[in-house]
Amino acid sequence: AQSVAQPEDQVNVAEGNPLTVKCTYSVSGNPYLFWYVQYPNRGLQFLLKYITGDNLVKGSYGFEAEFNKSQTSFHLKKPSALVSDSALYFCAVRDLDAGNNRKLIWGLGTSLAVNP
Amino acid sequence: GAGVSQSPRYKVAKRGQDVALRCDPISGHVSLFWYQQALGQGPEFLTYFQNEAQLDKSGLPSDRFFAERPEGSVSTLKIQRTQQEDSAVYLCASSPARQNQPQHFGDGTRLSIL
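Residue numbers (the numbering used here), protein chains in the order written: chain X, 5 to 120; chain B, 8 to 121.
Hints listed in this document are in silico derivations from the structure and should not be mistaken for laboratory results.
A portion of the hints provided could be inaccurate.
Said to hold, decoys possible - Which bits of chain X does chain B cover? Going by a derived footprint, with three or more residues having C-beta under 8 Å, they are:
{"id": "1", "region": "31–45"}
{"id": "2", "region": "48–62"}
{"id": "3", "region": "109–118"}
To be verified - Here are the simulated BS3-like pairs of lysine-lysine, each with C-alpha atoms no more than 25 Å apart in a straight line:
{"id": "4", "chain 1": "B", "residue 1": "K64", "chain 2": "B", "residue 2": "K85"}
{"id": "5", "chain 1": "X", "residue 1": "K107", "chain 2": "B", "residue 2": "K85"}
{"id": "6", "chain 1": "B", "residue 1": "K64", "chain 2": "X", "residue 2": "K107"}
{"id": "7", "chain 1": "X", "residue 1": "K73", "chain 2": "X", "residue 2": "K26"}
{"id": "8", "chain 1": "X", "residue 1": "K26", "chain 2": "X", "residue 2": "K62"}
{"id": "9", "chain 1": "X", "residue 1": "K53", "chain 2": "X", "residue 2": "K81"}
What the hints assert, rightly or not - Covered stretches of chain B (chain X as the covering partner; in silico rule of three or more C-beta atoms under 8 Å from a C-beta of chain X):
{"id": "10", "region": "30–38"}
{"id": "11", "region": "44–53"}
Glycine included, C-beta positions come from ideal geometry on N, C-alpha and C.
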């Protein structure tokens with residue numbers, strides 16, 4: 005069965021420091037991985053995705069994520085955090101070998117707090 | 008409009024009433040998804056359309072939940088005989104026909120059942 009785990013409910017970092025938000029996944033085939041961000045009372049905004057190719061994916065707002073097949077991980081990173089990055093972050097996976105079904109499986113989310 | 012539009016943004020209903028939530032996807036987007044998001048939780052898949060065809064409704068929690076997209080554009084999620092546990096934010100997302108494109112989300116409808 006497909007699943008996504010975000011092991012940290014909350015991550016706290018100081019402004020200007022690097023940040024990492026962790027995600028591990030489980031699929032039977034090849035994964036298609038996403039990161040989304042959610043601000044209060046808003047829908048989810050797409051940050052970046054991985055399908056194939058370079059393991060380091062660059063996305064919106066200076067975020068990047070590293071795909072690690074052996075560790076089945078797709079951690080979100082940013083070299084220098086901003087207070088405005090404080091939000092809820094979701095990792096999602098889709099099994100590319102699951103045919104035409106485009107359903108995504110979502111993690112429970114990680115709340116990122118960047119302190120000034 | 009430029010993005011996914013959902014209406015109403017907020018809905019309060021008494022237990023037992025029927026509600027209808029509307030989603031206007033991005034023009035031309037073939038795929039449309041409905042999710043339920045409880046407070047502090049991730050989105051839970053409800054159902055998925057490709058054009059007017061409902062390809063997956065495995066996430067609908069009971070037969071009180073019904074979704075339609077009759078012309079392959081606007082979609083309506085209907086909940087009959089609402090219960091307090093139906094209180095949540097209902098998110099709609101759409102994506103283009105091309106495979107491997109991200110889903111674009113609306114801001115959701117916050118449903119409160121009293």
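* Which of the numbered hints are not met once you compare them with the structure shown? -> Going through the list in order, the structure violates hint 10 alone and respects the others.
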